[in-house]
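Asker: Residue-level listing of the chains:
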Amino acid sequence: MSNESELSRSSGTAEWERFDSRERLVRYLLVLGTLVVLAVSWRQMEINYSYVASAPTEVMDLVTRMYPPNVMYTREIVGPLLETINISILGTALAIVLAIPVAFLSASNTTPNRWTYFLGKFIVSFTRSVNVIIWALIFVVLFGPGALAGVLAIAVRSVGFTAKLLGEAIEEIDHGPVEAISATGASTLDTFVYGIVPQIKPAFISVATFRWDINVRASTIIGFVGAGGIGVALQTNINYFKWDAVLTILIAILGIVLVSEGISAYLRGKVS
Amino acid sequence: MDGSWERPTAFYNRTTKYIVYALITGFVLYSFWDIRVSPERFVRGIGAGITLVSNMLPPAVTPMQLDLMVQGILESILMSIIATTLGIIVSAPVAFMAANNLAPRPIYLAGRSIIAVTRSFHELIVAIVMVKAVGFGPLAGVLALAFKTVGFFAKLLSEEIEDIDTGQMHAIEAVGGSRMQVYLFGVLPQVIPRIIGLSIYRLDINLRHSTVVGIVGAGGIGITLLNSFQKYDYQYSSMIILVIVAIVMVGEAASAYARRRVQ
Amino acid sequence: MLNVKDVEKVYDSGDRALKGLSMEVSGNEIVSIIGPSGAGKSTLIRCINRLTEPTSGEIWLDDTEMTGLSSKELRKTRRDMGMIHQEFNLVERLTVMENVLSGRLGYMSTWDAFRRNFDSEDIATAREVLRRVGLEGVENNRADELSGGQRQRVGIARAVIQRPKILLVDEPTSALDPETSVEVMDLLTEIAREDDIPVLINIHEVDLATEYADRVVGLSDGELVFEGAADELDERAKDVIYRGGETREERDAAKAAANRSASAGE
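Protein chains in written order, with the numbering used here: chain A, 14 to 285; chain B, 98 to 360; chain C, -11 to 254.
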């Protein structure tokens, strides 16, 4: 025993702290601060506690009303589902068309001057920062309710993302092969097809399929503000409390989302 | 001597390749036909667009609207904070369940299924269901965003856990640590930086989403925006949109900065 | 005393890594396990504290039979076996002190472990152990800041602080340079003598094995093919250990080479 006490004296102290007292203070304050922010946030939201209390029963009620899903309803949602997919495909295609000039504007090596560069960057970040449902709201005002508004909302929302990634691919083009092909006496078009296209095609395909995958999810909800697709049917059924039909729609959405994710991943795997 | 050469293709053969291309082209054309866009309608839309833009400019608010807007924005921010915290608390066990190096097969599959379902639905679909379940207001929004957080956070965290150095874990097992102690000492220290980075990232995403879930009644600034559109008060709409864009951009920059600092 | 009886390990892939192996380790002897890679050396060490689950057989540590233990009892018994790992297996992002103290986790509640609320006696011991392994003053460094040799010393400290009845050492030097290897082996020997515990070392460098071990055990293809004092390990014994595990082609080639050298000698 005496040996041990001598030992602890000789080696300084039996106390060991991972942090010194100032570090510890800072850490406690950080934790405390986070807790205070959370508590204040919660109080500020003025949540109706009777809603909270009844939530479990409400959810259970919802589940029992949903199950079993309305199988008969399946036939009626084929049309809206196809429209949803159409919106996502056309929206993505249009986004790519719109994105190509923007990509050249926002890529530092291809933009004509500083102002066009900033214009390009502005388009990229502005279109990305406005949620697709807000774009849908705007385009429904312009073109009336329907799939057209949806396609445009999806397209405009996707421009920034697509242009950014395409621009990066364009910036990374290796000029060696391009020069080599033009040195063989090939025409400008030949040089483009043999020197440039092979270099950006993989990025092009993977950006397009990746964005399409995201857009399939987005197309399922723009119907909430009248921009076409399965969202219209979903909202109608929710408003009429037809929960068994709602579950059918949710299952269908889950299906197309998983399938599109699979297709997109497969295609991206193919090109990389 | 064989004078013919065909470029190998990523598809099964050339016929398949052209069939795939034809199918894609055909489907796009069909889509185009299906939504029935007529040129006049498009031109009318452009005209309406010019009118709308001139109605939107300049963005303006009355003092009462400003008050509503500030309240809505504040609510969105608070919702995103609470939803992120709640979502992460729920995600942590799901992430451990969905890591195939830690969890036995049935639990792993359960974890993966939770992730697949929470990831597949768009936040507005979750929000609209939550509104029916718990009533209008921010609670529905918080639950919807927390639900979406689980899919995102648990997926990425479980991938990180699957990549850990299992030697560190085995060392804690070998000293006789309990399962919880193995997680605390052998796993958690390895994934902490990732947890912090993902939390900040997710807070940013939730902030974005919290500005729109109000459109289906789940609290935040979204409902104010929808009302302004329905009242044709486009100057107010444009003001709200600008503020949302500003907040989203600030959030993104702050999040990117914070993640760089952490890593 | 550690007593391994007829232990067999068949992996899910069908590989029979251990084919009914028995051995004993006691007192404060240092036992080296040698053999070609794939002979089952690591599997044996890992089967003893059941990081790898043996398929059949018995493992006795004093009066406790390991293979039949429930997971709770297993954890208790593992506290009595210190393990030193091949790639150190330190928790890289924790401090040296936390790594050493993690050797006491088997004695702590999860709640205390969560709060890093270590026993002050353990902390004092940790300081002492760190001094013993020559690592004074680095306790607040993170483990990933240390050199390989320093890391292995932390690994040894983590095992020693368990106050184990035996040390299981799995390829302690394979990730180290020769000079550091010798230091680590010196340290292990010293600990065995001072703490009066046996050390079972799985090691592929035969020179180090014979230099430090009291007894050498040779494994080949999952079977024990040699057992004896370090100086009994002659060329013939090495042949048995290292040639036994070869494929037929290699054996034939070796035979041909032996014939050639024999005829050249005549």
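FYI, nobody ran anything at the bench for these hints, they're computed from the structure. Keep in mind the model is a prediction, meaning the values are calculated, not measured. There may be inaccurate statements among the hints.
[Stated by the list, open to error] Partial list, computed: chain C residues near chain B (C-beta under 7 Å):
1) -10
2) 37
3) 38
4) 73
5) 75
6) 82
7) 90
8) 103
9) 104
10) 108
11) 185
12) 214
13) 216
We treat Cβ as the ideally placed atom computed from N, Cα and C, and that holds for glycine.
Asker: Taking the hints in turn, state whether each one holds.
Answerer: The hints, checked one at a time:
no.: 1; hint: -10; in the structure: violated, 15 Å
no.: 2; hint: 37; in the structure: holds, 6 Å
no.: 3; hint: 38; in the structure: violated, 9 Å
no.: 4; hint: 73; in the structure: holds, 6 Å
no.: 5; hint: 75; in the structure: holds, 5 Å
no.: 6; hint: 82; in the structure: holds, 5 Å
no.: 7; hint: 90; in the structure: holds, 5 Å
no.: 8; hint: 103; in the structure: violated, 10 Å
no.: 9; hint: 104; in the structure: violated, 10 Å
no.: 10; hint: 108; in the structure: violated, 19 Å
no.: 11; hint: 185; in the structure: violated, 15 Å
no.: 12; hint: 214; in the structure: violated, 27 Å
no.: 13; hint: 216; in the structure: violated, 29 Å
The structure fails to meet hints 1, 3, 8, 9, 10, 11, 12, 13 from the earlier list, while all remaining hints are met.
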